[in-house]
Structure formats: C-alpha cells, structure tokens
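A.B. asks: Take a look at the letters that make up each chain.
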Amino acid sequence: MPNPLDKRLLFVTGKGGVGKSTVAAALGVVATRQGKRTIICEVAQQERMSSVFHTQGVGYHETEIAPGLFAFSIDPQRALEEYLLMQIKIKPLYELMFKNRIFTYFAAATPGLRELVTIGKVWELAQLDRRVKRGAKYDLVIVDAPATGHGIGFLRTPKTFGDIARVGPVKRQADAIYKFITDPALTSVCAVAWPEEMPVNETLDLRRSLREELGLDLDEIFMNGLYPELFGADEAAEMREVLEREQAANGEGSPLARAALRAALSEHRRATAQQEQLGRLRSESGEQVVALPFLFRPRLDMDAVGELADAIEAGL
Amino acid sequence: MNVEELLEGKQICICAGSGGVGKTTTSAAIAMGMAARGLKVAVLTIDPARRLANSLGLPELGNEERLIDPERFAAHGIEMRGELWAMMLDAKRTFDDLVERHAPDEETRDRILQNRIYQEISNAMAGSQEYMAMEKLYELHQEARYDLLVLDTPPTRHALDFIDAPERMTRFVEGRSLQFFLKPGRLGMRVVGRSGGMLFSVLKRVTGIDLLQDLSEFFQSFGDMAQGFSERAQRVKELLGRRETTFMLVTAPERDAIDEGVFFWRRLKEARLPFGGVVVNKVHRDFTAEIGAEFVPDAVSPPLDGLPADLRGLLGDDDLAARVYANFERYQALAARDRENMAHLTERLEGDCVVCVPYFDEDVHDISGLAQVNAYLFGSAAERREMFAGV
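First to last, the protein sequences are chains A and B. Residue numbering for the first sequence is 1 to 316, as defined by this note's numbering. Residue numbering for the second sequence is 1001 to 1391, as defined by this note's numbering.
Some hints here could point you the wrong way.
Said to hold, decoys possible - Interface residues of chain A toward chain B, partial, derived using beta-carbon atoms under 10 Å: (1) Glu64; (2) Asp163; (3) Ala259; (4) Leu261; (5) Arg269; (6) Pro298.
Worth flagging that the hints you see were computed from the coordinates, not collected in a lab. We put the CB at the ideal spot given by N, CA and C, even for glycine.
Whenever a hint applies, use it, and build me the whole structure from the sequences.
C.D. replies: Structure representation (structure tokens):
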C-alpha cells in the first residue's frame, strides 16, 4: 500500500462530525514531520485550522501555522477573480468584468462554478510550477473536503464541466484538473469514519460511489474516535457482579466506587460496540483501516492533533 | 420543559443542526413521541440509517409518505394513539415535480428536464437539497393532512445554510438577467448592449462558446418560469416565519457545536424566525449524579481521594482497580467539560428551552432506541435529572 502522504494531493473526506478537519490537520503534522512542505486547504470557510493551530484567521493566504506547515481557506469568489485575472491577463478588462452586475449574476448563478474554481485552486496549489506569481511549491496539498454527500459532487465537478463544455478553455482546464485528481500516482482520496452504524454505512457508500462515478479507490480509511479496550469480557462480568452486590447493600459502601464501576461497564459496552463497527468496516470495505483513538480532551487543540498524528504515524 | 411542551400548538417542527449530531434520530424520535401522544405526524427525512428504516418496516422509503405499521410500536410496548408517517426526500424528484408544475407548456418542461446543466444541478446545486426539503414541507402543509410535520434537514456544515435556502433559490432563478444579454438566435448568440458585447467576448474567451450556449439556453427556458418559482420561494420563506412553525436546533455538547448553536439562535432571532428549543445529544453523563438542574454551572465533581483504595478492596485486583480508576477520571473529565459547555449554552439562550439526551453506550438504530431517547425528550426536567444520574 503506497503511503498517501507520498502523493501530491490528498483529499480527506467523510460524514459531518467525524473529526475530518482534525484528521486532516494531523495528516499535515505527520507530513511535516517527514520533512514535506505541506499546505492544508479548507474549502467551506470553516476556519477550523485557525482554532486548532491557534492562529488568527487563516483566510485566503498561504499562512504558515507551524514550521513547514501552511493553511489556506479557499474563498470561491477570490479564487474566481484570481482565475479570471490569469485567463484574461488584461487588468482593465478584468476590472470591467467584475464591476459588471450581469457578470456578478453569472458567477452566482452558474451551477457548480464555485466548486469548480475551488477545486481549480486546490489543483493550482498542487502544481510544481505554480500559476500564481511568486507561488512557492508544496510537496503535499491536503484538502479538508466537504462532507461525503457533497464531497462526491465536489470531486466530480471538473468532470461535469469538462463534459458540459465540449471545447474551449474551461474544457481544457477542467480536463487537466480531472486528469490530475484521478491519477493515483498524484492524488489520493482518504475517508474518515466514526465507529457507529451510520458513519460506517456512509463510508461504504462513499467508497462505492467513488469507484462507480470517478473510477477512484479510497487510499486509506481512518476510523476515528475509538475507545480503548480497557476491560476484557471476564473483567466486565466480574465488575457487574461486584456492582450488583454493592447496589444490593442498600446505601452501604462507596457511592463513588459504584459510579466508577458503572463508568467502567459503560466503557466496556462502548468499546465492544465500536469494535464491531470497526470489524464491519474492515470486512465490508476490504481496505486497510487505520484505527485512531478517541481523544479524551476538553478541546481539540495542538496537543490533541499531535496525539492523533502519533497514531497515524503508527498506523500508516 | 420537554419537547411536548416546546411543540405546543405547532404544526411544523424543523430540526436543524450541523452534520453528525444525530438530527435524523432526533427527528424520528420527536415524530414518534408526538404520534404516540395522539397526533397524526409525518416525518420527512433525508437519509435514515438503514437499520432505523428497517426497524420502522420501511425497507425503501419513497418520495411519498408511508404509514408505519402501529403493530411495530406495540411490539416495543409503545402505545401509539396517533399515526406516524414517514417519507424520504428525493431532491431531484421534487425539483422535477416543481419544473413540471411551473412549466408553461410541455415543450419548455422537456427542454429543461433534458438540459444537461439542469440534470447536473438538480441534484448537486448547493442549496438545492435544502430548498427542495422546504418545498416538500410547504406542499404537505398546504394539503393539511397532518397535525404535525417534522423535517429532518439535509446535512450541512452549518445549521444556517438551511434558512438561507429560499434566498439562494431566488437568486438562482434570477440568473434570468443573463437571458437579456444572451439570447440564442439562429446565428449563435445575439448580444445586447455595448458593455454586454465586451463582456460576452471576454466570457467566451474564458468559458468557450458551448458552455455559454448551454447556460443561456438553460436560463432562457428557466426564465419563463422564474416568476412562478420566485413567488413560490417567497411563500415557502413566509411559511418558515409563521407562528405554527418552530425551529428545533439539534446539537452536540462539544464547544464548537455549542458556539454554532448560539450563533444559530441569534441568526433566527435576527431573521424573526421562530425558535423552539435545543436538543443536545450525546451528553456524557456524570456517574456521580451531581449533574444538577439541567447543568448548574457551579456543580463540582466530588474529590476522588478514597476511591483507589475502595476499588482495590472491592475488586481484589490492583491492576483492574487502577484501570477502572483511570477510566473514571477520563469519564468525569468529559462530563465536566459537557457540563461547562451546557451551562455556557443555557446562559446565552433566553428561557428554559434546552433538553439533554445522554451519550448512550450503544447506537440508537431501532424503535426501542427511539423510545430510550424519548424518555429524555418527553420527560420532565426532574425525570431527566434522575435518569442522567443513571442509577
């Protein structure tokens, strides 16, 4: 299995709420540890990276958030302006266009245009020969992609536009992007899952539609949020017995100890249910699944990302 | 407060929230609970978990509502005094129906339905799913066959994406402005106005003539219906603001989700949309039971001084006792974090409108799971407190 961090472009996708942004950030940290100059792109203007890395407003700048690790938040409007400026090259003409009300309508109304320029910008960042003036090259571009449902649509945009525009510059651009993102030597798509019924189903659906609609395979699946298996089945049975005995002893004994035992039994049930989902994901996807721990932390900060990065390094 | 009180006199309950917070489950649980209390309820959902759908006896939900067999509830000891109907939203079908309804003639209808751009967007256009969900809601409300409609909104990153959908739809159909300068004619395209001409040549350079032609054709055909579409979007928007409608925010106890919840609540107020309450799912319970009256900010977890020794005594296994203790510390830390976040939320919202559901040890994916959730959603604050104590 080739390491997804050895590609030039890496899409991290998954259902909402599974920790996609945190995994994307952790992948960035791992890549940086391997000496790769890396940039993490956010596409939904969530500014999650700013809060994870304690930096103020990443925005539409290639911001260095840690040594060798950059972040960038793609604003489709800015990306469109940048693209058109590159295409038109004549500044007054371009300005005329942006001042035109009709053009504003055009840009807002054209379905998928925002997605196209967004993925176009991602592609541009991944070029060794950057189109943007003075753009430095990155070894790896990591995209915190939209949640699964929209994610497929997002990845399909270049193909859609390539098909609609039969000839012309958009067609050429869209085809070039499509070729790049479907080239397994250059681009990798990874999914983040969560050890529950729905997210596992969605990950399996994502894998299927990627294959059917784009001919792409998931490079890696990260099962995030796994509780440690702290207790064996025998130990759980024993604790249940002790707890029952204690509860029967009406008000005697330590209420705190009872609470701790209930928490331990809860942990055991959760970990067991999660392992079932992990097993199901492994057997039904037939892919390598990297297990990532649940982070028992009050906030997902830099330390949390570091912990996740360690687990990714161990699992990849 | 509980969900029944929060929904008093309401005909529409819109469950909003960002992805992954248990919106679908909460919508189903609310609908089931209200139906059990005697109402005729329809729940409109996007993508129910397969096991949940199966458990409701709905292997394939269609774009039409279907009655859920009351026997299924009886089997789980739930007395169903009303009716529960469910449907799965199909955005593309709803969009097609809408085109059919508004198209002035068959030719226009077919031209749109067959337009390549339409085919691409009817499913994928940002906001189209959200809008189509509202559209269906509006349609069902007009038909007035139910006492209560519960809408499980499509998964969005922001809960807010949903309330902006009618605006976006209107903006989209108003792309008709394009047809004024791009009229397909026999000689390709006729361009109106001088700056239009300049603009056109620039656009052509960027996009290529084909794409422009398809787009122009699309907006041209759509333009004939834009009026009807915009008016309808306006009425859909009005429905959201009516007294019989309420927004229920579904969220999780993590700080990001809570902050987004507060933001959502403010935005609803600004937009003068009716806010019903907040359901916070997956709240880590405090096993020491001092979780307080719906999360009092100053509740303190008791010191754990004597605990290691007590556990060693009870279990007679030092290693096991140490693991139980370490796990308990982590559990308590999560409970403390959630308590703090919940207090933060309660302080910011006006009135008593927060209902917490604990993080269950196992996934909720069947009727008995929904019943378990409902014990919290429909219980009194005191009952919830007792259940959270988890004895």
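A.B. asks: For every hint, state whether the structure bears it out.
C.D. replies: Hints, one by one, checked against the model:
Proximity of glutamate 64 of chain A to chain B is violated relative to the hint, the smallest CB-CB distance being about 24 Å (cut-off 10 Å). Of the supplied interface hints, the one on aspartate 163 of chain A holds, with its beta-carbon coming within about 7 Å of a beta-carbon of chain B, less than 10 Å. With a least beta-carbon distance of about 4 Å to chain B, the hint placing alanine 259 of chain A at the interface is held under the 10 Å criterion. Using the Cβ-Cβ criterion of 10 Å, the hint placing leucine 261 of chain A at the interface with chain B is satisfied: the shortest such distance is roughly 7 Å.
The criterion of a C-beta within 10 Å of any C-beta in chain B is met by arginine 269 of chain A, whose closest approach is roughly 4 Å, and the hint holds. Checking proline 298 of chain A against chain B by beta carbon gives a least distance of about 4 Å; that is within 10 Å, so the hint holds.
Hint check: a violation occurs at hint 1 only; the rest are consistent with the structure.
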